[in-house]
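Spelled out from the first residue to the last, the chains are:
2 protein chains.
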Amino acid sequence: MTKPRHVSKKTEGKQRRHGLNQFHLELSLIPIPLAHEISPGDSIVDKLLQSLEQQNLTFESDDILVVKHKIVSKAEGRIVDLTRIKPSAHSIAWAKKYKLDARVIELALRESRAVIRRKNGVLITETRHGFICANSGVDVSNVDGGRHALLLPVDPDRSARQLHLELKRRTKIAIPVLVTDTFGRPWREGLVDFCIGIAGMKPLRDDRGRRDPHGYTLHASLEAVADELAAAASLVCGKLNRTPACIIRGFPYESSRGRTGDLLRPPVKDLFR
Amino acid sequence: MTKPRHVSKKTEGKQRRHGLNQFHLELSLIPIPLAHEISPGDSIVDKLLQSLEQQNLTFESDDILVVKHKIVSKAEGRIVDLTRIKPSAHSIAWAKKYKLDARVIELALRESRAVIRRKNGVLITETRHGFICANSGVDVSNVDGGRHALLLPVDPDRSARQLHLELKRRTKIAIPVLVTDTFGRPWREGLVDFCIGIAGMKPLRDDRGRRDPHGYTLHASLEAVADELAAAASLVCGKLNRTPACIIRGFPYESSRGRTGDLLRPPVKDLFR
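For the record, the sequence lines run as chains A and B.
Positions 49 to 321 (this note's numbering) are the ones given, in order, by the first sequence.
Positions 49 to 321 (this note's numbering) are the ones given, in order, by the second sequence.
Source of the hints: derived by calculation from the structure; they are not laboratory data.
Check each hint, because a few of them may be wrong.
As the list claims (entries may be wrong) - Each computed EDC-like pair below joins lysine to aspartate or glutamate, with the alpha-carbon atoms no more than 16 Å apart: (1) A/K95 - A/E85; (2) B/K250 - B/D310; (3) A/K220 - A/E108; (4) A/K250 - A/D310; (5) B/K95 - B/E214; (6) A/K134 - A/D149; (7) B/K216 - B/E85; (8) A/K95 - A/E237; (9) A/K317 - B/E237; (10) B/K250 - B/D205; (11) A/K250 - B/E237; (12) B/K250 - A/E237; (13) B/K317 - A/E237; (14) A/K216 - A/E108; (15) A/K167 - B/E214; (16) B/K167 - A/D318; (17) A/K134 - A/E159; (18) B/K220 - B/D310.
Whenever a hint applies, use it, and build me the whole structure from the sequences.
Have a look at this one:
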């Protein structure tokens, strides 16, 4: 079941006012701050709906919900007491050399299925899900000041799907959900948010075979819209402002069950492992 | 001269209505379609202002302008007649093997300062500017159906700066300008837009040393906001809809001259060359 575009009546009005065709839509990024921490077992949808209510906002039919994985991991209890981790001699030696926490390195290795690079104190792994990132996504910031570490959700697509279904039950709208994490990149400085879990929309937009306005057939136009939505969301969400989620309103996504695996390049096709 | 935040009176009004603090700002992405092609010597600022006027829109004081490099390259005459390119025997052999255009491969090599990977018909180079991407950013889509190729601007920061200064002269507002291109990424499928030229703002947001709400000091929080803005812009701009530019309204950027080089990791620190 693929519906090509989701645009609310409000957005259509704005579109008509501007006399624009269907492609020329304004998008909005609406932050959803949470006043309180998420704890294991909490309903994230509950907290988000409360926050929106306080702002006199509601979900609309052309919304996408983007959620930082941290609150998902917290709600799912993916929290590890670092005092209970006994690092290997190898992890201890490597961590000592670069003044790192050996317990975090140990956890990162346990959460990985491959080490991609380990050099200069940087550990790049492939997680069990297939994401390639530093320390398997194991994080100690925004948890509780360094006593506990947070792991990625076991199955972020399943997490996104659960949020999607609960939202649908509560709002009667099928709102796509993205779960994101912050990764570094080869060659470029600075971190950017990426999609690690998706439900309700396709993560890629495939324009291959379509023609540009000059009649030239596009060959390489497979656009990672889920990663672009994740990066966009990061502009209003943040580590320091207790805003772990936002709405992206007006993006013409393609409905689908959604599968983050579509964003992962098969190792045989990859040139940078 | 660093001003920390730029928020228009309109946006401040919206902010107050929602009872939010300074971090909880809504962002808008406003596409700027162009009815006609950009030709060498055209004033991009002129065309963008005309388009906005037709939509009854004007630039505001909390705007950032994002422009796809293609119109910048066209305006700057970075167009190459492919019939005049004589590829080397090596380029011909390699292109033939993978059914590619040897002239494009030849141009890509000429525009590069290093070949990072060449395998399975994929050519990843480091451009003279230091960007690592496929075919040195040489492009034949959205030019004229395959007869000409488009090169990246000679100095995209200078291009951004010129747009920034012309906009300032015309609108009396200092609006940061980003020039973007579409790149692939290691490990992940699909293309995403990246910042290749910047003026008027810092490309990175540095939260290192600040404390999260739990008192934990952030170590790794250097955020590539320029790349996130570029990726966000791509959600409303597109190859197929004649929309090569957009406004991002409401993002609290840090003013600065701006230097894309800050986004490029020095080769000695990079693990993926």
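Discussion item. Run through the hints listed earlier and report the numbers of any the structure violates, in increasing order.
Written reply: Failing hints, ascending: 7, 8, 15, 18.
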